[in-house]
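Using the hints, position chain B against chain A.
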Amino acid sequence: VIDEVFLDTTSSSNYVDPRSRSAWGFPVEDVDNLLETPTELASFQLRRDLRIVSRSYIEYFEGAEDTKETSFTVDFYKDFLNTYSWVATELDSALTMTAHITTDLGKWTSPGLDEVYSCIILGAPQKFQLFQINNSGALSDELRSQLDGYAALKPDWDGYGAKVVSKNAITMAKKFLSEIPLKLGKPSLAPVNDGSVSLVWERDKVYIDVEFDRQGCFSFYAEAPGLGEHELYPIALVEPTTHPSLQMYFDVLEDTPNQMPDL
Amino acid sequence: MTFVVEDHETILRRVFCPHHVELDGRIKSAAFSPSSDSYCLSVNRQQIVSFKQVCNIGYREQNKSNLDPIKQSKQFMGCVQASAAEVHAEKISNVAVMLVIATPRPELKSHADIQLPSKSKGLRKKLRDVFSDLISPS
Chain A
1 VIDEVFLDTT SSSNYVDPRS RSAWGFPVED VDNLLETPTE LASFQLRRDL RIVSRSYIEY
61 FEGAEDTKET SFTVDFYKDF LNTYSWVATE LDSALTMTAH ITTDLGKWTS PGLDEVYSCI
121 ILGAPQKFQL FQINNSGALS DELRSQLDGY AALKPDWDGY GAKVVSKNAI TMAKKFLSEI
181 PLKLGKPSLA PVNDGSVSLV WERDKVYIDV EFDRQGCFSF YAEAPGLGEH ELYPIALVEP
241 TTHPSLQMYF DVLEDTPNQM PDL
Chain B
1 MTFVVEDHET ILRRVFCPHH VELDGRIKSA AFSPSSDSYC LSVNRQQIVS FKQVCNIGYR
61 EQNKSNLDPI KQSKQFMGCV QASAAEVHAE KISNVAVMLV IATPRPELKS HADIQLPSKS
121 KGLRKKLRDV FSDLISPS
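From first to last, the protein sequence lines are chains A and B.
Going by the working numbering, 149 is the number at position 149 of the first sequence; the sequence numbering is gapless.
Going by the working numbering, 13 is the number at position 13 of the second sequence; the sequence numbering is gapless.
One chain only, chain A, in its complex shape (with noise of 0.2 Å):
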């Protein structure tokens, strides 16, 4: 499921009251303490002074003469209140899903939720467009449909003898792909001949396989510019995820530039 959220108040600047900067809440000064507040504090100040200038938005223009223009800026302000409530709302969770932001001051996939202040802080009134994908890590239904249909593979599929894919090796490949993040990129998915799942990430000189075997073992074979080669072989007992080698190597992935995904 994708919602989306799209605002460009650039149309809209000559409505700008010069009283908005304070009245966003957060005087330019102010911005760095922001965002050394707690994330809950953060997103309290976040949703009551979006509330704020919204109301005052609507206040103030439904004052004004009736004009059409006017009255789409009101309706826009309207909806802006209804928007950002939603995104304020949204945001708590943010940490914790996918999202894809876009303003005029820079692209985050993924974002923390101080960069999704900032953004509105210091981007607003300016584009901002939030989409947020789903919240199942990079284990999308085509990687899952994919896995799955590994499982229905017989024996000697890979006409050199190869045995069945193991489900314990699907399944801690799914719940791998669903606990890391999709900015990282889709992984090119294969069977292995001894019934193991192999993910491969590639992008640039960055290379990174990521196996999980019949007994659902975790092993990885990673290569990355400054970094070097690194293997481990199957090892029981590690969490994958928070491997420390493997880590740098999808950090080093993840500044590599890529095409944004499909939305």
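Do not take every clue at face value.
[As the list claims (entries may be wrong)] In silico SDA-like cross-links for lysine to any residue, where the CA-CA straight-line distance does not exceed 20 Å:
1) 126(B) x 202(A)
2) 167(A) x 63(B)
3) 167(A) x 71(B)
4) 186(A) x 21(B)
5) 154(A) x 59(B)
6) 71(B) x 155(A)
7) 71(B) x 164(A)
8) 163(A) x 81(B)
9) 91(B) x 231(A)
10) 163(A) x 126(B)
11) 154(A) x 21(B)
12) 163(A) x 36(B)
13) 205(A) x 132(B)
14) 163(A) x 40(B)
15) 154(A) x 120(B)
16) 154(A) x 67(B)
17) 163(A) x 120(B)
18) 71(B) x 241(A)
19) 163(A) x 75(B)
20) 154(A) x 63(B)
21) 174(A) x 146(A)
22) 154(A) x 72(B)
23) 154(A) x 202(A)
24) 126(B) x 229(A)
25) 186(A) x 164(A)
These are computed hints drawn from the structure, not numbers from a lab.
Just chain B, lined up with the frame of chain A:
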């Protein structure tokens, strides 16, 4: 009699699994994972057998396999090829890590194995890099 295949030879590996080929025809590294018991990958030497003959072998295996209800039905997709030199080029302390060994069989004289020291994912990635994209039989 087994021997190391000379560097100038070209080797072919048949591909049956669509899950091992990207949509654009690139082969995936998982296609080069050796069997657990032997750490070998079967290939054919193009010096002994032509590409077309290797494809015919692929079709024969496909037809034979599809008669067996226990086995996965297959579709021969084509071959990937590499030079023996490129396989031998991966070295540690000047010693080749992977060797192409001719292992002729009575019914398949062109048979050879790429022998690997382990089930390393790094090596299967290197093999992926030296082998070509999928070459379809047509």
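Determine which of the earlier numbered hints do not hold for this structure and return their numbers in increasing order. Violated: hints 2, 8, 10, 15, 18, 23, 25.
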